[in-house]
Amino acid sequence: MFKSEFPSAYLWIARIVVLAIFIVLPFAYPQKYVVHIVNLAMIFAIAALALQLLLGFTGLLSIGQAAFLGIGAYTSAILTTTYKLPFEIAFITAGLLAGFASLTLVPITRLRGVYLGVATLGFSIIVHLVFLNEEWLTGGSFGLLNIPSPSLGPWILKSETANYLFCLAVLVAAFIALHRLLPSRFGRALQAIMLDEDATRASGINVTYYKSQAFVVAAVITGFAGSLFAHHAHYLNPNDFTFWKSIEVLLMVAVGGIGSLAGAIVGAFVITLLPEYLRVLDEYRMVIFGAMLIAFMGLGHRGLAGLSAAVAMRLLRLRPQSDIPSSPTPHADAVAAPRWSRQ
Amino acid sequence: MTALLALDRLTRRFGGVTAVNSVSMNVQRGEIRGLIGPNGAGKTTTLNLISGLTAPTSGRMTLLEQDVTGEPAHRLAERGIRRTFQNLKLFTELTVLQNVMIGLHTNGKSGVFEAILATGKQRREEKMMHRDSLAALETVGLVDQAGRPASALAYGHRRLLEIARAIVARPTLLLLDEPAAGLNPAEAEALVALIRRINAQRVTMVLVEHHMDVIMAACSRITVLNYGQKLAEGTPAEIRANESVIEAYLGRAGFEERIVAYA
Amino acid sequence: MSGSQFIELFVGGLAIGCIYSLIALGFTMIIRATGVLHFAQGEVVMLGAMFGVTAHHLLPLPFIALLVAGMVFGGLAAVAIELGVYRTLRLRRVPLMNIIIATVGMSILLQNTGQLVWGSEPIAYPKLFATNAYSIGPARVAPQLVWIIVLGILVMVSLQLFLAFTRTGRAMQAAAQSPETAQLMGINLTRITAYTYGISGVLGGAAGVLLGSLFYASFSMGFLPAMKAFVAATLGGLGSIGGAMAGGILFGLIETFAAISISTSYKDAVGMILLILILLAWPEGLAGLIRQRR
Ligand SMILES: Nc1ncnc2c1ncn2[C@@H]1O[C@H](COP(=O)(O)OP(=O)(O)OP(=O)(O)O)[C@@H](O)[C@H]1O
Ligand SMILES: [Mg+2]
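Protein chains in written order, with our numbering: chain E, 1 to 343; chain S, 1 to 263; chain V, 1 to 294.
Treat the hints with care, as some may be off.
Claimed, not checked - A few chain V positions that, by computed beta-carbon distances, are all more than 10 angstroms from chain E:
hint : residue
1    : S4
2    : L9
3    : L14
4    : L59
5    : V68
6    : P122
7    : P126
8    : A133
9    : A142
10   : L151
11   : L159
12   : A164
13   : T166
14   : G186
15   : N188
16   : S261
Unchecked claim - To give a feel for the contact side, a few chain S residues facing chain E, derived at Cβ under 8 angstroms:
hint : residue
17   : L4
18   : S51
19   : L53
20   : T57
21   : A73
22   : A77
23   : E78
24   : R83
25   : F85
26   : F91
27   : T92
28   : E93
29   : H105
30   : G111
31   : A115
32   : A118
What the hints assert, rightly or not - Derived Cβ-Cβ restraints for the label pairs, each shown as a range:
hint : chain 1 : residue 1 : chain 2 : residue 2 : range
33   : S       : A190      : V       : G242      : 22 to 28 angstroms
34   : S       : N87       : V       : M185      : 24 to 30 angstroms
35   : S       : Y155      : E       : E134      : 58 to 64 angstroms
If you are wondering where the hints come from, they were derived from the structure by calculation, not from laboratory data.
Glycine included, C-beta positions come from ideal geometry on N, C-alpha and C.
Could you put the whole structure together from the sequences, leaning on the hints where they help?
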């Protein structure tokens with residue numbers, strides 16, 4: 001599945017071109033603001049990739065990813081400010097701790113569809129309240145100030161560009177990791193779970209164990225993104241991690257296209273950059289943003305990634321391989337799993 | 001010689017319905033056991049109990065002299081119980097080959113880290129799974145379809161793919177739930193040959209089927225269920241001659257002619 | 001906790017719980033009929049409150065008329081959203097998940113439109129009730145709260161009567177149970193879906209006016225209560241009408257008592273932890289418990 005109908009040679013060329021553009025961007029656009037915002041979009045793209053693993057490849061609806069983003073961010077910020085630990089250690093710990101926190105979700109992985117969504121949403125709300133109320137640890141609503149720039153050994157990535165290139169490297173690493181994961185024994189097990197749980201069980205796969213592992217892997221990656229977020233913003237506030245942020249990450253995946261890694265990245269850019277670009281519209285900008293979001297959803301499940309692939313196919317005059325059926329997707333079911341009306 | 005699989009008064013209730021009612025059955029190593037009965041007799045539920053997808057309400061189940069009652073499906077699959085599904089449960093969006101490779105899950109070890117780091121061990125394992133899966137596809141005659149999405153297969157081929165996924169890990173016990181449903185007579189005949197070939201590789205089978213010709217041609221012994229209870233058990237010849245079996249089927253449109261044709 | 005304090009808290013929790021129940025019923029009606037988790041339900045609540053207060057500014061009517069205005073306009077707004085937007089998406093045969101995300105877009109759109117039209121400042125709701133507190137035994141209870149409970153229950157009872165005794169109501173029930181069969185029986189699903197949204201809008205509008213009268217009206221007033229109401233609906237078992245009502249009231253009471261007895265800062269967490277625990281015990285909510293018993 002999820003194997004694009006695109007010939008892989010073209011795909012690789014496209015990926016390399018996109019990567020080259022991103023590497024050149026901070027030098028071509030020296031305005032600090034542009035680099036800053038694109039950097040932010042890359043950080044959210046990492047979080048969106050992680051959710052794609054859950055939603056797009058395992059069929060697990062999580063509306064709680066902001067919790068892991070926040071745990072990663074606060075861990076990294078506290079370790080580098082209060083405990084003056086080096087960034088590398090803080091970064092790794094951020095991922096590990098987020099992964100560790102996701103273990104508390106193991107019991108709820110057996111919930112289905114919207115029920116799982118609501119439970120993860122509840123988790124997100126609880127974690128946000130902890131950020132807000134545990135002032136001794138998180139600074140409460142005052143937030144945490146003076147978070148240092150990332151550093152790698154002797155290099156302190158103080159400039160906007162250096163920070164940017166580091167985040168880009170992490171994004172590329174996350175993409176490659178997930179790209180390798182999907183066609184592996186682990187990745188196949190996850191996709192099997194999404195497509196048919198009974199057949200998965202009967203093939204000897206422990207569904208609860210793999211769902212939990214998917215949550216942990218996603219949480220670790222999201223925790224890394226959180227760490228990057230903290231050292232990019234230099235300032236943390238609990239309001240960065242409300243459940244609305246969880247919904248935003250979900251929007252990224254949905255807009256980009258459920259079941260596509262590239263789509264998650266595209267979606268993260270659209271959701272992060274669009275409101276910025278719409279600033280010219282002033283007070284109408286969020287109205288237009290909402291309307292565009294609805295319009296994107298009319299594109300079908302393959303989202304912007306699917307749309308751009310279709311356009312590119314046209315331009316390159318490629319025919320879709322007739323084998324790939326345009327069947328309705330299981331993702332809708334993944335979310336609607338309990339047919340309440342049929343009870 | 002003790003039985004490979006022994007069911008001892010296995011019962012499963014759904015609310016007020018007793019789908020399987022105190023069924024006992026011994027399946028010997030290497031046999032092909034037919035499991036027949038009218039619609040709703042409890043055949044599929046019996047397979048669900050054996051494969052662990054449904055937990056029994058009461059009763060015991062023994063596999064290779066080990067008590068495996070109530071073990072979850074994935075554990076029983078690890079122990080070598082594999083199955084196909086009456087209403088086809090393929091991973092439709094994956095390719096035919098990937099479907100079969102999922103059946104090999106238990107033969108592998110590599111996890112998240114090996115995959116991300118693409119270690120040598122992981123790549124060797126993938127290669128091995130690839131090879132074995134193609135071999136299983138060869139057995140059922142679907143090699144040339146390996147790269148297509150499962151959803152693009154014709155109906156008869158989907159049934160074969162289910163079988164390939166179930167046999168790829170060399171099960172000790174294979175459960176087939178109506179593998180001939182929807183097949184034309186030529187395909188059904190090929191299926192019987194396939195079942196024999198698989199059985200020749202020391203795979204014990206329980207075969208649920210409405211196609212009497214398939215049952216009679218393939219099975220060494222037959223168990224008949226009716227309203228969740230065991231009605232009769234014996235060789236095809238004995239079952240054919242059994243009064244109560246004929247009676248159970250009589251009056252049930254569709255089965256009447258078939259069983260009478262063999263009586 | 002003294003007896004009178006308990007009664008005061010209980011009445012307060014019941015009042016906010018009734019409001020949650022109204023919103024939760026809206027969620028439940030929609031999810032039952034279409035499978036859509038309607039994220040914009042909170043904005044329908046906001047619109048109801050805004051229409052109510054606007055109607056009051058145009059001509060100072062009695063509270064009941066205000067409530068009716070909020071309900072009518074809430075209903076009309078919801079029908080317009082369904083026919084104008086969601087139906088269009090359904091006709092394009094997009095997956096359910098896309099429609100659910102589109103309702104998030106609708107929520108953003110409505111909230112910001114609300115801000116454009118009514119401004120960012122909270123609008124004070126007119127004082128509509130006698131300010132002398134009622135006495136219940138030793139306790140003194142604000143009339144506002146009592147009226148919210150009475151009116152909320154009145155609306156919910158009317159809904160039940162509507163569903164049980166009118167042709168449309170019964171058709172809606174049938175369509176929710178089995179859309180295919182309903183269609184075979186000649187029920188027009190497009191119309192029924194529009195009615196469903198309309199009724200959810202009416203319930204949301206009522207919740208909006210009641211919520212506004214308790215605090216104030218503001219463009220962002222709907223989202224959080226709606227999320228809580230959705231949690232309450234899940235608590236009760238999504239898709240069950242009785243579950244939504246019970247879940248809402250339960251959630252209001254839990255929240256109120258948790259704020260006093262545990263901590264104000266974590267009162268929302270208590271509800272969420274309870275939710276997760278209930279789902280762990282009964283993965284399909286409290287309605288699953290009752291179904292299990294049967
Ligand atoms: N999950 C379930 N919940 C409730 N009842 C069930 C369930 N599964 C099976 N049943 C009931 O158990 C009985 C036996 O069903 P089962 O599917 O095992 O029959 P079968 O012999 O396989 O029939 P068929 O020939 O139609 O496949 C039926 O009455 C069925 O309705
Ligand atoms: Mg059956």
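**Asked** Tell me, which hint numbers fail for this structure?
**Response** Of the numbered hints given earlier, those the structure breaks are 17, 20 and 33, listed in rising order.
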